[in-house]
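Chemist: Numbering that gives the first Met the number 0 applies: residue 0 is where the sequence shown begins, and numbers increase by one.
By construction, these hints were calculated from the structure, which means they are not laboratory data.
Just so we're clear, the structure is a prediction, and the values are computed from it rather than from any experiment.
Honestly, I wouldn't trust all of these hints.
[Claimed, not checked] Derived DSSO-like pairs (lysine-lysine); straight-line CA-CA distance at most 30 Å:
1) Lys88 - Lys106
2) Lys17 - Lys1
3) Lys73 - Lys88
4) Lys17 - Lys75
5) Lys45 - Lys7
6) Lys45 - Lys88
7) Lys1 - Lys73
8) Lys75 - Lys88
9) Lys17 - Lys106
10) Lys45 - Lys1
11) Lys75 - Lys45
12) Lys45 - Lys67
13) Lys17 - Lys45
14) Lys1 - Lys75
15) Lys106 - Lys67
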Amino acid sequence: MKDCIFCKIIAGEVPSEKTHHEDDAIVSFPDIHPVRPGHTLVVTAKHYQWFWELPGDVANDFFRVSRKMARELKEKTGADYVQLSIVGKDVPHVHAHLIPRTFGDTKALL
């Protein structure tokens, strides 16, 4: 989709910080407006607006990479856990927010 910011980032038309993960199906990179240190996005390489539109193999890759990135973020940041949120209302491209969190952190995020 030509107006999608994530499609532009993936195509290299818009600069972004260092990519954490990239393959034919999934890309992961830091959120430009992090709500916590380490806030990372996991994005499908091909444009899909809704999660239920994903082919099975892409959905599997999406969660495989999300799990891998969550483990890495937990270790890297020292977080107690990593929140996974799939929202999709602000950017119409399937993506997950991975947000390192600590127990007792009560601030609502996303």
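Chemist: Work down the list of hints and note, for each, if the structure agrees.
Modeler: Checked hints:
no., hint, verdict
1, Lys88 - Lys106, "holds, 20 Å"
2, Lys17 - Lys1, "holds, 22 Å"
3, Lys73 - Lys88, "holds, 26 Å"
4, Lys17 - Lys75, "holds, 16 Å"
5, Lys45 - Lys7, "holds, 11 Å"
6, Lys45 - Lys88, "holds, 18 Å"
7, Lys1 - Lys73, "violated, 34 Å"
8, Lys75 - Lys88, "holds, 29 Å"
9, Lys17 - Lys106, "holds, 28 Å"
10, Lys45 - Lys1, "holds, 12 Å"
11, Lys75 - Lys45, "holds, 28 Å"
12, Lys45 - Lys67, "holds, 20 Å"
13, Lys17 - Lys45, "holds, 19 Å"
14, Lys1 - Lys75, "violated, 35 Å"
15, Lys106 - Lys67, "holds, 25 Å"
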